[in-house]
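There are 4 protein chains.
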Amino acid sequence: MLISCSKLRLTLNDLNGNTQNKYKILNDPVYGFITLRHSILLDVIDHPYFQRLRRISQLGLSHLVYPGALHNRFHHAIGAMHLMQHAIDEIRQKGHEITHEESRAVSLAILLHDIGHGPFSHALEHSIVSGVSHEDISVFIMNRLNEEFDGALDMAIEIFNDHYEKRFLHQLVSSQLDMDRLDYLRRDSFYSGVTEGQVSSERIIKMLNVSDDQLVVEEKGIYSIEKFIVARRLMYWQVYLHKTVLSAEFMLVNILKRAKELSSRGVDLFASPALSFFLREDISKEEFLSNPDVLERFCQLDDYDITGAIKVWASHEDRVLSILSSSLVSRKLFRIKLQSEAFKASTRGEIIEEIKRKYDFNDEEAKYFVIQEQIDNKAYSTAAQNIKIKYKDGSLKDVAMASDHLNLQSLSEVVEKHFMCFPKDLDIKL
Amino acid sequence: MLISCSKLRLTLNDLNGNTQNKYKILNDPVYGFITLRHSILLDVIDHPYFQRLRRISQLGLSHLVYPGALHNRFHHAIGAMHLMQHAIDEIRQKGHEITHEESRAVSLAILLHDIGHGPFSHALEHSIVSGVSHEDISVFIMNRLNEEFDGALDMAIEIFNDHYEKRFLHQLVSSQLDMDRLDYLRRDSFYSGVTEGQVSSERIIKMLNVSDDQLVVEEKGIYSIEKFIVARRLMYWQVYLHKTVLSAEFMLVNILKRAKELSSRGVDLFASPALSFFLREDISKEEFLSNPDVLERFCQLDDYDITGAIKVWASHEDRVLSILSSSLVSRKLFRIKLQSEAFKASTRGEIIEEIKRKYDFNDEEAKYFVIQEQIDNKAYSTAAQNIKIKYKDGSLKDVAMASDHLNLQSLSEVVEKHFMCFPKDLDIKL
Amino acid sequence: MLISCSKLRLTLNDLNGNTQNKYKILNDPVYGFITLRHSILLDVIDHPYFQRLRRISQLGLSHLVYPGALHNRFHHAIGAMHLMQHAIDEIRQKGHEITHEESRAVSLAILLHDIGHGPFSHALEHSIVSGVSHEDISVFIMNRLNEEFDGALDMAIEIFNDHYEKRFLHQLVSSQLDMDRLDYLRRDSFYSGVTEGQVSSERIIKMLNVSDDQLVVEEKGIYSIEKFIVARRLMYWQVYLHKTVLSAEFMLVNILKRAKELSSRGVDLFASPALSFFLREDISKEEFLSNPDVLERFCQLDDYDITGAIKVWASHEDRVLSILSSSLVSRKLFRIKLQSEAFKASTRGEIIEEIKRKYDFNDEEAKYFVIQEQIDNKAYSTAAQNIKIKYKDGSLKDVAMASDHLNLQSLSEVVEKHFMCFPKDLDIKL
Amino acid sequence: MLISCSKLRLTLNDLNGNTQNKYKILNDPVYGFITLRHSILLDVIDHPYFQRLRRISQLGLSHLVYPGALHNRFHHAIGAMHLMQHAIDEIRQKGHEITHEESRAVSLAILLHDIGHGPFSHALEHSIVSGVSHEDISVFIMNRLNEEFDGALDMAIEIFNDHYEKRFLHQLVSSQLDMDRLDYLRRDSFYSGVTEGQVSSERIIKMLNVSDDQLVVEEKGIYSIEKFIVARRLMYWQVYLHKTVLSAEFMLVNILKRAKELSSRGVDLFASPALSFFLREDISKEEFLSNPDVLERFCQLDDYDITGAIKVWASHEDRVLSILSSSLVSRKLFRIKLQSEAFKASTRGEIIEEIKRKYDFNDEEAKYFVIQEQIDNKAYSTAAQNIKIKYKDGSLKDVAMASDHLNLQSLSEVVEKHFMCFPKDLDIKL
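Those protein sequences? They're chains A, B, C and D, same order as listed. For the first sequence, the residue numbers in our numbering are 1 to 430. For the second sequence, the residue numbers in our numbering are 1001 to 1430. For the third sequence, the residue numbers in our numbering are 2001 to 2430. For the fourth sequence, the residue numbers in our numbering are 3001 to 3430.
Source of the hints: derived by calculation from the structure; they are not laboratory data. Source: prediction; values computed, not measured. It cannot be assumed that every hint is accurate.
Taking lysine to any residue and the SDA-like style, the derived pairs with C-alpha atoms no more than 25 angstroms apart in a straight line are [unchecked claim]:
(1) C:2024 / C:2155
(2) B:1260 / B:1274
(3) B:1429 / C:2345
(4) A:417 / D:3392
(5) C:2220 / B:1375
(6) A:24 / B:1424
(7) A:424 / B:1054
(8) B:1424 / B:1237
(9) C:2356 / C:2345
(10) D:3024 / B:1202
(11) C:2166 / C:2121
(12) C:2024 / A:24
(13) A:397 / A:202
(14) B:1337 / C:2220
(15) B:1257 / B:1285
(16) B:1358 / B:1373
(17) A:397 / D:3415
(18) A:337 / A:125
(19) A:424 / B:1043
(20) D:3243 / A:148
(21) D:3392 / A:341
(22) C:2243 / C:2386
(23) C:2206 / C:2034
(24) C:2206 / B:1238
(25) C:2392 / B:1420
(26) D:3024 / D:3043
(27) D:3337 / C:2042
(28) B:1220 / D:3095
(29) D:3220 / D:3095
(30) B:1424 / C:2392
(31) D:3243 / D:3372
(32) B:1094 / D:3043
(33) A:285 / A:157
Output of the computed footprint for chain D on chain C, the stretches with three or more beta carbons under 8 angstroms from beta carbons of chain D [what the hints assert, rightly or not]:
(34) 2051-2060
(35) 2074-2087
(36) 2106-2120
(37) 2266-2276
Glycine is no exception: its CB is placed at the ideal position from the N, C-alpha and C atoms.
Isolated chain A (complex conformation) (with noise of 0.2 angstroms):
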């Protein structure tokens, strides 16, 4: 029998009824102590679906590069919201009226505006819970706790859909220069101990102001922007996208898919109900965001249940399985080949044969040996809007255009590259 988070949760309610040790301060490493202004913030931090972050790491498995990485979604969620509250007070402070309920919409929003992840989302969407995306489900669990909280939450939904007028409020939830990329670009960084990435968080708020209705930024904040953007992609190629974790996260893409592959063929495995759901069934969206059981299914999910499961994997009968999955284990990741131009068309084919034979494998079996993919450091971005720079005689302009002395444009131009992986043993040179 599953329970749901929401039962469970009036359960627990009444176990714990009173709640006078609230704690409304927290410490951050990052920004030092954060205070959280509107109870019904509490409260959802409280709720199971959003103490289920805690258990869902930020950065999946870059920890393997950089061990300091181990912060959770949890904590980057808080910390965006932080830069929210000092972002209202700045826009206020300039003039701009943001009343109190959509000061407690808009912190909601931006504190909920990740509660779709799953674990390893990147890993998991290609893997046992393909063509759902995180955001899909974020919409949906916002609506489920909306129910739960009597509407408290319309006006966050609406701001966090973009269906609310004052339209700068969803900006600043998403968009170039949301609270979100603030937080994570500032914590990442932090955590992974690449100071390079550091983002002055504080000095852009600063300079963030409303201009028609648009979140603009000052034209003195110029060079915070440029840095920005320069500190942005470097986290993408340092970290995001390191070659190091690219491989273990592919790899970690090709367990999934092999246990899903075995599972569908009847073959047992060891994993706690929730992940066992999801290996044996096939959800298509639609299923997902009309069967409530699903999202209670999936709200179970967190990194627990994969690393846990990959754990006894290791020792599967299935060599596929347990190569691949002792391996991640003990980090003893697949080679990787970082490339700015595409690979011959007869590469991957030779890859394949030479595992074939170094392993005994077949070609279906040896398939999950190599991975070949491209990327891009657009791939984790979401929006599209362009930050704009307001200037003293009050006009805007995009800030790719704004710069005298940079070529803003080509920052934010995507690069593509491609990439091979497979096991290091391989007698292969590319």
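Position chains B, C and D relative to chain A; hints supplied.
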């Protein structure tokens, strides 16, 4: 079938024969960069026994109070090794010989000093592996590694066990001022965001010296030592023994005890093979240390087994197990009353009665819902060696006697506290 | 002709009538950004009396030991005002009223709390302006500014003098836990690089509250207070009363005393008009505070007058003056012997004899080359009000009594030390 | 009579014969601790020529905008030497020989690279010591020191002048990626609080290598180099060429020009002997470099002479001098208009007319109240050597060509700007 770690490693070595991509520099948010000076350090780090420390958090459940405190024992061990390298440089520069081989050995000793830790060590040692300390296991694992590495750890083990002739090397690994402490205080303070616990590890190392084969601190370092002792006490009471953390950790102890109890009765429980083994078996210290299979299974155990199981147990039909588990998973923790005086003898009984009434439990069940313990701020301390101050005239004095302005003795006194935990919805006033 | 500061200001106002470029945000390496909330704060900062603080270093000659410690009183005063604004927010949020006008007044009071400092205050008060404390001068200057600002500083002055009804406002300006101390400890630690002196000003402010019109610290802040007191002591002995700094400061005292002596004898000395005046005249406290011209001249005096003159005096024909001056300029400082016990009565005489012999000086000259003083770590302390801890049950306790684990009383005891300084080339063993 | 620095030093050596208290570790807020590895480094630091750098601020008048930016050239030189020691370690570890003597020499070279700076160098070179660059003076002083130190600086001078055979050593002292820049960017960013200018000096040094006797950066360091170049540009426009700083610095130029003009007319001016000399005399480069007395006088000159005089000049009877001086002292700065395009040819004349009318000045006087200049972001750059990237295959490429995603060429283009300054009370619209 359970594949042993060491066998696994051979397979992987075979698989990944070439190791040209060995990294030698690590990013660390705390110290910036960490360089590995001896190739064997990297070999040990790459070993599955050591990689396993990636999955064991340093501070257990403290992240429920300090959301940033997610760092693991892997990073701490490497950090302590980094400080060791600085300490070696400093002591050498002051004219004391540390040979290349000793440098390697003492670096290995500190790297492995915590290798025997299981997940949530303090909780585990109170429940499913009672009777075997992590120190015992550390020595055991080091010996196993030493076999694998053909005796390359001989001197490291001698130093660790304080059997090596230069005794100050052991003191660098384990004493009141060892590199273990310097790193964990600094790192725990950093990740928790409790900046007041920050220790100037760099400065303390600059003040280290050796006198009569003893590790000593130079006279001018006395303020740094005062500061170190105050910071350490602060970290104990504010982080390690934070009352909410205590409540969570002892709830975890009771969950594991209940699971073991159910397991012994033959009740079916979701668990990884490794956890299953320890729930089922009662392992004596002798058996643990003599049966290699037990150690192999222990090395399979980490945070993912424990947390992964508790998440599933939240829906178990045993009400004791499911209520405790779901409460911990959703951070609905017991109320805790912490005080200097002992509780009245009758208090515990009164609470038990209230629990039985409220939850319709029998005596045996109810006892899992009340926790009565006492703690002191030496709880985590392992060594009794005092810090010696070396004066300019060459004389040594115990730091507690050395300061002319602070009663350091009082700082080092053990403070004992008593606490009682129980569900928040009970109608109990303490 | 001496132009008075206030006249000068009128001229300049005339010259720079428009003030559209008023800055309101300041960069601060310590806190990031500082925002000025009241326009009068900027008016006061722009006043020549306040701009003058840019030319008065916070730590006098400490930079001879800590090369980074070059920050000035201008920055400290603004930093303390910044903390005040945070403290106001915190106290308001806890339900205590601080009106807009009170907020402005208490911000002004802290901004101006050190306005009466001259260059190298402690040295100056021992030599050329003896008998008049910087606190007296601060009040005097505030009154002058109040006239210029048409009474806008009335309430600020009341608060500063502790005549305002809400007495906790005065305690924020001047008490054991005032914003002055929080800023200077943090700032001095930051710039000197003595990180161990770092005080968590942000956290302490979060713990502030008001009870019975007294500033109190909440119970959970007790560890922060312990840490604050330890850090403060550490800063005293390691920075403020560092023995090399003491040696330099008392050499400066002797240089100024010698210059005054020579001046009184009619010897010609290079000096700015302002310094010239104070070397020539013996100003009583009464005269200082009653004669506006004296104050004007005092306000012309800063580090540049003193150091600029000493550089020239290094080539003066008076050997006492030139040797002392050139030694200080080139950082060839007296040897200093610092100890807990008093020196033998005969020691000073023996040193004097040695100086006379070595340098061919007479008694009167030789006395400038030996310094015998005593100091204590309350030397710079001004207030005697103790810190009160507020318990959850509402009771208040002195912090020295409140801690159950640290003898805070011992920490607050005055420690007295004795020292003797003399040229390094003397053949003296102490 | 003017005592020469070198004579002064002999006297002092005599006075302070014993030097047992030599410090070898310095506190630095930027790097923590700095250790001096060679005793001659301390000897040079103790020399009056070097101690003099304590009285020369690194950023001139930037502190009028960034109040924390008070650091001096003394600390910068030592910081650059600290980085040099790290760079030596890194390059040695990569297998390139740097002998003990070379290590000492290159450390001396970087320590002394700025020894020729006078107070407010850029202003001074535009006014009273025009025609002699600080680089010329540096070489001159190094030669003088070399005589005093009996040739111990021979190799340091060869390296500085790029006459030493291992040319990469010179590049560490002076090139696009020299230790000078790494330190000043980091230090200026730190003290100004402009955190976005922060350069990861530690990481860049880890990426350094030597190839064909050239200093190169390893391929993986390319993002750090991008970041470095962006940070450098940001610092130029936001700090070094900040428009308010430009206004202040050119006011200072005009003050000194006016003083020189008055001096040449025989008007009496308060000034230290050293300043007096340079106001009175017109020194050609040849005379400067050939006449030891001129150098001695130059070495007497520092910020205290300049600022100390300007304070007194604020009351001078010459209205041009007194208005300019009092304005600068009280931070009543000229308005500045900074723009990409050149100003119309007539603009300056119109402003002059308005100044004459408003202040009742003649043409000759009025010209001190308008400043028309142009600047570019290479203004402070000294070297043209490009940064080379070394690829894994051993090939080298100019960084501007190396990046496949950022037009680094565009980043390195010179940007030129024009500005005009004049009193704020003029009725001028630009």
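Okay, the hints, checked on the actual structure:
no., hint, result
1, C:2024 / C:2155, "holds, 23 angstroms"
2, B:1260 / B:1274, "holds, 13 angstroms"
3, B:1429 / C:2345, "violated, 67 angstroms"
4, A:417 / D:3392, "holds, 18 angstroms"
5, C:2220 / B:1375, "holds, 19 angstroms"
6, A:24 / B:1424, "holds, 19 angstroms"
7, A:424 / B:1054, "holds, 23 angstroms"
8, B:1424 / B:1237, "holds, 23 angstroms"
9, C:2356 / C:2345, "holds, 19 angstroms"
10, D:3024 / B:1202, "holds, 16 angstroms"
11, C:2166 / C:2121, "violated, 31 angstroms"
12, C:2024 / A:24, "violated, 30 angstroms"
13, A:397 / A:202, "holds, 23 angstroms"
14, B:1337 / C:2220, "holds, 15 angstroms"
15, B:1257 / B:1285, "holds, 18 angstroms"
16, B:1358 / B:1373, "holds, 23 angstroms"
17, A:397 / D:3415, "holds, 20 angstroms"
18, A:337 / A:125, "holds, 23 angstroms"
19, A:424 / B:1043, "holds, 17 angstroms"
20, D:3243 / A:148, "violated, 56 angstroms"
21, D:3392 / A:341, "holds, 17 angstroms"
22, C:2243 / C:2386, "violated, 29 angstroms"
23, C:2206 / C:2034, "holds, 18 angstroms"
24, C:2206 / B:1238, "holds, 16 angstroms"
25, C:2392 / B:1420, "holds, 19 angstroms"
26, D:3024 / D:3043, "holds, 11 angstroms"
27, D:3337 / C:2042, "holds, 23 angstroms"
28, B:1220 / D:3095, "violated, 38 angstroms"
29, D:3220 / D:3095, "holds, 19 angstroms"
30, B:1424 / C:2392, "holds, 19 angstroms"
31, D:3243 / D:3372, "holds, 13 angstroms"
32, B:1094 / D:3043, "holds, 21 angstroms"
33, A:285 / A:157, "holds, 20 angstroms"
34, 2051-2060, "holds (count 3)"
35, 2074-2087, "holds (count 3)"
36, 2106-2120, "violated (count 0)"
37, 2266-2276, "holds (count 3)"
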